[in-house]
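Chains as they are written, first to last, in the numbering used here: chain A, -3 to 376; chain B, -3 to 376; chain C, -3 to 376; chain D, -3 to 376.
Calculated from the structure, these hints are not laboratory results. Mixed in with the good hints, there may be bad ones.
As the list claims (entries may be wrong) - Straight-line distance between alpha carbons at most 27 Å, and here's what the computed DSS-like set of lysine-lysine pairs gives:
{"id": "1", "chain 1": "B", "residue 1": "258", "chain 2": "C", "residue 2": "321"}
{"id": "2", "chain 1": "B", "residue 1": "205", "chain 2": "C", "residue 2": "35"}
{"id": "3", "chain 1": "B", "residue 1": "313", "chain 2": "B", "residue 2": "103"}
{"id": "4", "chain 1": "C", "residue 1": "47", "chain 2": "B", "residue 2": "258"}
{"id": "5", "chain 1": "A", "residue 1": "281", "chain 2": "A", "residue 2": "258"}
{"id": "6", "chain 1": "B", "residue 1": "199", "chain 2": "B", "residue 2": "47"}
{"id": "7", "chain 1": "B", "residue 1": "54", "chain 2": "B", "residue 2": "199"}
{"id": "8", "chain 1": "C", "residue 1": "321", "chain 2": "B", "residue 2": "321"}
{"id": "9", "chain 1": "D", "residue 1": "183", "chain 2": "A", "residue 2": "263"}
{"id": "10", "chain 1": "D", "residue 1": "199", "chain 2": "A", "residue 2": "183"}
{"id": "11", "chain 1": "C", "residue 1": "220", "chain 2": "C", "residue 2": "35"}
{"id": "12", "chain 1": "C", "residue 1": "47", "chain 2": "B", "residue 2": "183"}
{"id": "13", "chain 1": "B", "residue 1": "196", "chain 2": "B", "residue 2": "103"}
{"id": "14", "chain 1": "A", "residue 1": "168", "chain 2": "A", "residue 2": "321"}
{"id": "15", "chain 1": "B", "residue 1": "35", "chain 2": "B", "residue 2": "321"}
{"id": "16", "chain 1": "D", "residue 1": "263", "chain 2": "A", "residue 2": "168"}
{"id": "17", "chain 1": "D", "residue 1": "263", "chain 2": "D", "residue 2": "313"}
{"id": "18", "chain 1": "D", "residue 1": "54", "chain 2": "A", "residue 2": "258"}
{"id": "19", "chain 1": "A", "residue 1": "263", "chain 2": "D", "residue 2": "258"}
Said to hold, decoys possible - Part of the chain A face toward chain D, derived, beta carbon under 7 Å:
{"id": "20", "residue": "158"}
{"id": "21", "residue": "305"}
{"id": "22", "residue": "316"}
{"id": "23", "residue": "317"}
Yeah, the Cβ is synthetic: ideal placement off N, Cα and C, and Gly gets one too.
There are 4 protein chains.
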Amino acid sequence: MLGNTFGRMFRITTVGESYGIGKGSGLAVIIDGVPPGLKLSDELVQEEMDKRRPGVGKLNSPRLETDQCHIFAGMAQDGVTTGAPVGIIIYNVDTQDIHIEQYKQYKDLCRPGHATYGFFKKYGENQDWCGAGRSSGRETVGRVAGGAVAKHILEQEGIEIISYTTECMGIKAREMSYEEAKANLRKNEINCPDLEAAEKMEKRVLEIKDEGDTAGGIIELRIKGVPAGLGEPVFDKLTALLGHAMFSIGAIKGVEFGAGFKVGNMKGSENNDQFTQKDGKIRLKTNYSGGTLGGISSGEEIVMKLAIKPTPTISLKQDSVNMPKNEIEELSPITRRDPTLLGRIYSVAEAMAACVIVDSLMMARGYDNVCRVENPWREI
Amino acid sequence: MLGNTFGRMFRITTVGESYGIGKGSGLAVIIDGVPPGLKLSDELVQEEMDKRRPGVGKLNSPRLETDQCHIFAGMAQDGVTTGAPVGIIIYNVDTQDIHIEQYKQYKDLCRPGHATYGFFKKYGENQDWCGAGRSSGRETVGRVAGGAVAKHILEQEGIEIISYTTECMGIKAREMSYEEAKANLRKNEINCPDLEAAEKMEKRVLEIKDEGDTAGGIIELRIKGVPAGLGEPVFDKLTALLGHAMFSIGAIKGVEFGAGFKVGNMKGSENNDQFTQKDGKIRLKTNYSGGTLGGISSGEEIVMKLAIKPTPTISLKQDSVNMPKNEIEELSPITRRDPTLLGRIYSVAEAMAACVIVDSLMMARGYDNVCRVENPWREI
Amino acid sequence: MLGNTFGRMFRITTVGESYGIGKGSGLAVIIDGVPPGLKLSDELVQEEMDKRRPGVGKLNSPRLETDQCHIFAGMAQDGVTTGAPVGIIIYNVDTQDIHIEQYKQYKDLCRPGHATYGFFKKYGENQDWCGAGRSSGRETVGRVAGGAVAKHILEQEGIEIISYTTECMGIKAREMSYEEAKANLRKNEINCPDLEAAEKMEKRVLEIKDEGDTAGGIIELRIKGVPAGLGEPVFDKLTALLGHAMFSIGAIKGVEFGAGFKVGNMKGSENNDQFTQKDGKIRLKTNYSGGTLGGISSGEEIVMKLAIKPTPTISLKQDSVNMPKNEIEELSPITRRDPTLLGRIYSVAEAMAACVIVDSLMMARGYDNVCRVENPWREI
Amino acid sequence: MLGNTFGRMFRITTVGESYGIGKGSGLAVIIDGVPPGLKLSDELVQEEMDKRRPGVGKLNSPRLETDQCHIFAGMAQDGVTTGAPVGIIIYNVDTQDIHIEQYKQYKDLCRPGHATYGFFKKYGENQDWCGAGRSSGRETVGRVAGGAVAKHILEQEGIEIISYTTECMGIKAREMSYEEAKANLRKNEINCPDLEAAEKMEKRVLEIKDEGDTAGGIIELRIKGVPAGLGEPVFDKLTALLGHAMFSIGAIKGVEFGAGFKVGNMKGSENNDQFTQKDGKIRLKTNYSGGTLGGISSGEEIVMKLAIKPTPTISLKQDSVNMPKNEIEELSPITRRDPTLLGRIYSVAEAMAACVIVDSLMMARGYDNVCRVENPWREI
């Protein structure tokens, strides 16, 4: 029931779930608004896909999905985009009957912390009981594929997005410069660039995993190179669009820009970023505002913090509800799960942020002027 | 560069072209807003696909596409929809190198009557030169697949759409009742339910074909069972939405509702449909307004006429332009083509109309209340 | 119930009806997407308003509305736009109790040819019975005000829209060049630039008026200076957007581009516009396609024909329906009306076309690049 | 440049700034999607307007705006809505030349913490220098008027929104039940229902005010009575829409649902809300998820925390930038300001939340089925 398209001029529409019927089932994304003349390939997209792929470490779910992407439309014979929408499909691989049977067994139960209950209320008994359908984390495959194209566009524009874990179960990473953080991305499974903190975090998560439990955390997302002036007052401020994008990710429970909740204890004189000049360019002395002024990009780094809830799937007994019986029923432990989402979810946040920035650039500058390839015939 | 999504609550997003790169290329549609609990299958969609499929008769292009559709997402294990978007893909079959080479040869030339020139102006040299890309009639494959789902929904609601040829190169079919027209749909290649006129039309088209030329025509589209009250004043009147839908089909050059251009010579007293009662129900005595009053559905049959231009691809020499050379250049005859679009394009018009009606129903009634399956848990 | 916003990047939202409650009631438009630095004034907008104003001639309704517009927001102290949305309000003047009483008397009756019946079905007894509410022609006041701003923007871009009557009750104007037509706009009440034909048309309409009846007609709308490449494949082709816009005007029952319905009797070789060169510029030899190729602007003049139905309000008895009684009831003659809409409705068509062209320009070029005022600080 | 329309089926479009040109300038909102048959009046809307009105206490700006609203369109003669959009205008009162002169003096300077810099970058020198234009807090007048209508609709549906201050400059209110909080709303200027904490907060803010400075804080927003099932996966989750809405308010720097950033230190077994039964109804034992599961409403209270930055206007010297001179320049203290936004901004947050909930209800249920008045003629 709607809601699977995101963006105004750069627009992704996603579809699909982990368990389709029959052979050839999969997930896909249609990316509309891709400029012509852009080199794209399965490999380029796959690089981003691999960041969110499960089954690669001890902190991740053992589900065996290769998440191999195939561009099936939107490219010219010579491997460049044409201005037509780009279609990417990711076929399901790990759809064994044994897992379908397992899901079937519990199909009437709502898993605590999951979307199931709302889906039952909304869609009735036909809600997809197998593999959580569209409320599965696997839904984000299409977002990441779309985000890969967005990131590729941003790269041509000199805009870069990074994100990483800054906090997990009481362990905090130290603050670091963009460059230092960037240099240490994905150096460990929990994707914390403070390598010492990372070690502690991973140790803590593994302990929690052994308890049959899962761990939450906080990630930071930073965008460098965004020109001043992006976002449309008053309802489509850049903050509003980014907020929308982030809260569309199921596991995100909090979003901050710059000083975030700290502003509750700040005076105006502390919180206001005063102006200065660096190398002849107007800059802000501080960046408490996190890269936006009045919701419009300020030219400074965009800095967001995102609260990631612990994976709701746990190996402990919980009180569930059996919908048809209208009865509380104990849900048995479930074993296949991510002990924490921190090592993967950042790729989804980056993808969504990339889509928002490309979309906003195109709104301001026109779709013809982002990643512009020379077109000698153009009249517009 | 955008524009590949249509609809507000029932929404189709299409992608793809006839010649993708490599194996597995194809066209696809994502259908968002499909209610849960609907039985769907490849076969059901294929029935509509086959109406627009080329290569089946002497009036159609010899291109050998099977246009076989595959639902790859949005279905539960038991073959019913879940409320998630439905994904349908149609793989390309007839992408022989010989044809790609042929297209390559003419890639710098604008075919008269085709979209090529505008695409060059818009997208530059990266516009898809192979098989006309998104401006090919083949683009409509995704629309028809989406429309098949829309029609299936309308069927549950007792709404039906038919369309057929009423005029072709000076030969007019006689007017007929909905029932008579319906009984004679697709009885001939030109899809004219007046069987005598059809014979003459086909004969005329074959003559024109032999001249290396193509033929235009007019089709009528009728929708039965639409409840009164659809459409949103003032900009999204039902007429506006249907007008948008029809004029999004490349070959349609004119759209009329009811009396259409005849109103230019009518008095108010002639054109006003007065009220009457039939079987206790308020009805209109006449239907000059074509099923809408003030742009809102009146409960009467919606009647549209659509002007279909002759296929622009012809086997006669024409003055083209070579874009890089910026020179007028003669374009040689092209042989693979439809002598007329009349026998196929109606399926696209029906598909678009079906999408508009479902969308409008959902706007008025809520997506939860169209094709409603009982949901005992629903609170909304 | 929605539908009062039109456009994507240049967006008008209208509100209001002829009879509001109390003092200060009126109609308004909010125009979003107006570039900064544009000189605007009440006078400039009023010029367009006056084109659709009633009460000025014998072919028009005697209703005494001044339709005086007031820009109440969106302007800087020095009378230029700021990039903020522009608000224009038109207060109601002619809301005498005597007319309200008259409307009240017939409030349960559906006027044939009017929107009333659909509104009853849609909104129930609360539909606005006074002055036809949003289905009154007066609703278009906001569109014309918005269109005045759009036209002002187009003027800076060298784009111009004209429209005029070409046919009325069997009398046809002769074809004429853009320049000739332009030179003779609004030279007579029926706005027909063929002055001889105009005389005959007016005579015929006055005869029909004396019969207590009304007259339909056909108008032509031409847009000059549109660059090639406007419109977004596949659903938002320029033809689709213009079709949407035109069919959102209640009285329009048919829309044609270029050859329009004539294509039904044309061969491809006749209908295809071949290429040529004029003054070093690629041009089309003919313009049967009416300024669009594959729905994308071709750089040639955009030419549309619009079928205008006769005013539904007539001074003759008609069978109406009394909704609460569910009975057919005779409707008495109504005297205050336009004998034909031809002399006014063209201003609404022009306004809508202007909005579509500005919107499409902004989509392609970015809102920052239409009517661009130099901004030395811009980074985007 | 766009962005002044919010919502899909219930849609507000706002316009206006504090200082318009000439008499009759003001701010307005067009509310589209208002169901027919709803009783509305200036007084009903004014009640909400008064919550955000300045000039009423020592914690607020001394600006003398009455913010008197006038419904100028969308109502039938008998004071009920008709299904047409509702127009509300608020004329400017306090636009004395002395203040305009003051603004003019500083028109080239960017105020730290304000939107000015981004606006200069985006709109150039034509950005509205007077009263901050659309980036002024006064812009929210239209939102609150629109929100008043939304709240009125929600009231008929048994849905209620409250919000209040929970933290300010280190002083925290104690947690309280919905009922207790509701009973103590607006009992003090800082709108903190913990009356003891309120006293301390106000004292602290007055101290800060005396320093020429301003204070930030945190507010809580709670929505009671929302049925389970609202929100559209995957991009238009209820959390995403609410996040968008809240981050469209300039002063909001952080948004949390339920446990918010605390999830970073929670295990799955702690954070998961287990199911239980109360009075025969399925409920959650806890509400860490804050009323949404997978972004879809769960039927529990929706609970959000919002970080409100200190008013950027302060009476202390700050480094600003003079844009035309491209030089850092000291900005003198400004005296007319709110020492804290806490006592007013909550009304804007409530208004936006109300719009989102009505919009989401209408999406799920259809605009015809929210606040449904009996319509015996309806067919849809």
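Against the structure, the hints come out as follows:
no.: 1; hint: B:258 with C:321; verdict: violated (34 Å)
no.: 2; hint: B:205 with C:35; verdict: violated (57 Å)
no.: 3; hint: B:313 with B:103; verdict: holds (17 Å)
no.: 4; hint: C:47 with B:258; verdict: holds (26 Å)
no.: 5; hint: A:281 with A:258; verdict: holds (18 Å)
no.: 6; hint: B:199 with B:47; verdict: holds (21 Å)
no.: 7; hint: B:54 with B:199; verdict: holds (11 Å)
no.: 8; hint: C:321 with B:321; verdict: violated (73 Å)
no.: 9; hint: D:183 with A:263; verdict: holds (24 Å)
no.: 10; hint: D:199 with A:183; verdict: violated (50 Å)
no.: 11; hint: C:220 with C:35; verdict: holds (23 Å)
no.: 12; hint: C:47 with B:183; verdict: violated (52 Å)
no.: 13; hint: B:196 with B:103; verdict: violated (38 Å)
no.: 14; hint: A:168 with A:321; verdict: violated (45 Å)
no.: 15; hint: B:35 with B:321; verdict: violated (55 Å)
no.: 16; hint: D:263 with A:168; verdict: holds (16 Å)
no.: 17; hint: D:263 with D:313; verdict: violated (47 Å)
no.: 18; hint: D:54 with A:258; verdict: holds (25 Å)
no.: 19; hint: A:263 with D:258; verdict: holds (24 Å)
no.: 20; hint: 158; verdict: violated (19 Å)
no.: 21; hint: 305; verdict: holds (4 Å)
no.: 22; hint: 316; verdict: holds (6 Å)
no.: 23; hint: 317; verdict: holds (4 Å)
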